[in-house]
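Peer 1: Turn these sequences into a full structure, and let the hints guide you.
The first sequence begins at 31 in my numbering and counts up one residue at a time.
Bear in mind the hints are in silico, worked out from the structure with no lab data behind them.
Cβ coordinates follow ideal geometry from the N, Cα and C atoms, glycine included.
There may be inaccurate statements among the hints.
What the hints assert, rightly or not - Computed Cβ-Cβ distance ranges for the label pairs, DEER-style:
id : residue 1 : residue 2 : range
1  : Thr316    : Pro178    : 25 to 31 Å
2  : Asp83     : Gln326    : 35 to 41 Å
3  : Glu208    : Asp284    : 32 to 38 Å
4  : Asp151    : Trp345    : 38 to 44 Å
5  : Asn68     : Pro361    : 43 to 49 Å
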Amino acid sequence: MKKVMVAMSGGVDSSVAALLLQRQGYSLCGATLSLYSNRDIGLEETKTCCALDDVEDARRVCAKLGIDHLVFNMKAQFKQGVIEPFAQGYQRGETPNPCIECNRSIKFSGVLTRAQQLEYDAIATGHYVQSEYDNAAGRWLLKKAKDPVKDQSYVLYVLTQTMLASTLFPLGGLNKQEVRQLAEEHGLVTARKSESQDICFVPDGNYAGFLTRTLGIVSEPGHFASPQGEVLGQHEGMIHYTLGQRRGLGISADRRLFVIQKDMQSNTVVLGDEALLMQRWMMVDTLNWVSIGMPQSSIRAQVKSRYRQAAQPAWLHPQEDGRLIVEFDAPQRALTPGQAAVFYADDIVLGGGTIRGNILEEKRP
RNA sequence: UGGGCUGUAGCCAAGCGGUAAGGCACCAGACUUUGACUCUGGCAUUCCGAUGGUCCGAAUCCAUCCAGCCCAA
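Peer 2: Right under this line is the structure:
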């Protein structure tokens, strides 16, 4: 009987993942990563918080299923691998995606390492994705979930062949309704827990406040300016803004204004019409190729430049320095440095990388 | 202290006698394992600078006052 360690976050998805694997006859244990303490996220040490509740929920589900539950302390790694890069990204004027970094350097490798130490054959997660081995190519393929509404392949483009070879995704063929129903039928306490809650280590959703209060990051106020350089008002510090943002600017005008540029040199946030956000080219680095190797010449693909967005047709142009230029068929809105670009061939994840910036039409190669 | 103009919600602004458009901002939800975007709803009943008046009825007409702006001096 194969032994599988299920990564359990304390949510409904990973709970049902465990349930399904158990019904399929695997020998299981549940594993929850302890990623941060209250002090790490600026709360009082004594206060019970959501993270603890999640661990408890995972433990209850394991008890219900009659399997062992382990908690691994990953606080130091999480701080170094996720929280610190998150802060650094914002300080550079980028808009980082901490969930991607967590998947890249903490979650999978963390559970996999422990699983191997304890002589488990594989790990499993509650992600809505599918994987399969391609005999012809000799590679594992990462594929979108059957249900496109819940597909989470975007946040897993960072997985390596080694990780894919050892990971099961029991939810890839289900939809959310089915998952909740299964949880309900089997009396799992997580059945009705709500969906995501912002960044996990920023429970109140105020990431700028987190950066300032907890990490002591200083972001100086500066000018809002029009594309022509006219001063429109005062901003509260660069970390509060991201490309394409409209709300929270506090600038009233005769039309909607969006953040179209962050000039770190002059500490200026440039506001303008949405049309100014549309670009066809962007530079991508920190690449990871999943279902194929690094292409040697330009290839066609569909590209997602943010999580909740349909993949858009584009050319991928590999560069000699190892980076990649993406050329979209049609202009895309707010290609934002720090965010992930993920490349697809229909439902297969080819790979992805980090957006470094858009490339203006006149500067394109 | 001659002449002209303007005063409608936090900002912009429609209305020109019939019982307060719209945009921006803001707030609340929805959506969401990141940040955003988007969508839905809310947002002038101390009523249209103030006070009087005309009228069945005024933000809209009249008078006076107040405030601000502009042009002359």
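Peer 1: Mind listing which of the numbered hints don't hold for this structure, in increasing order?
Peer 2: 2, 3
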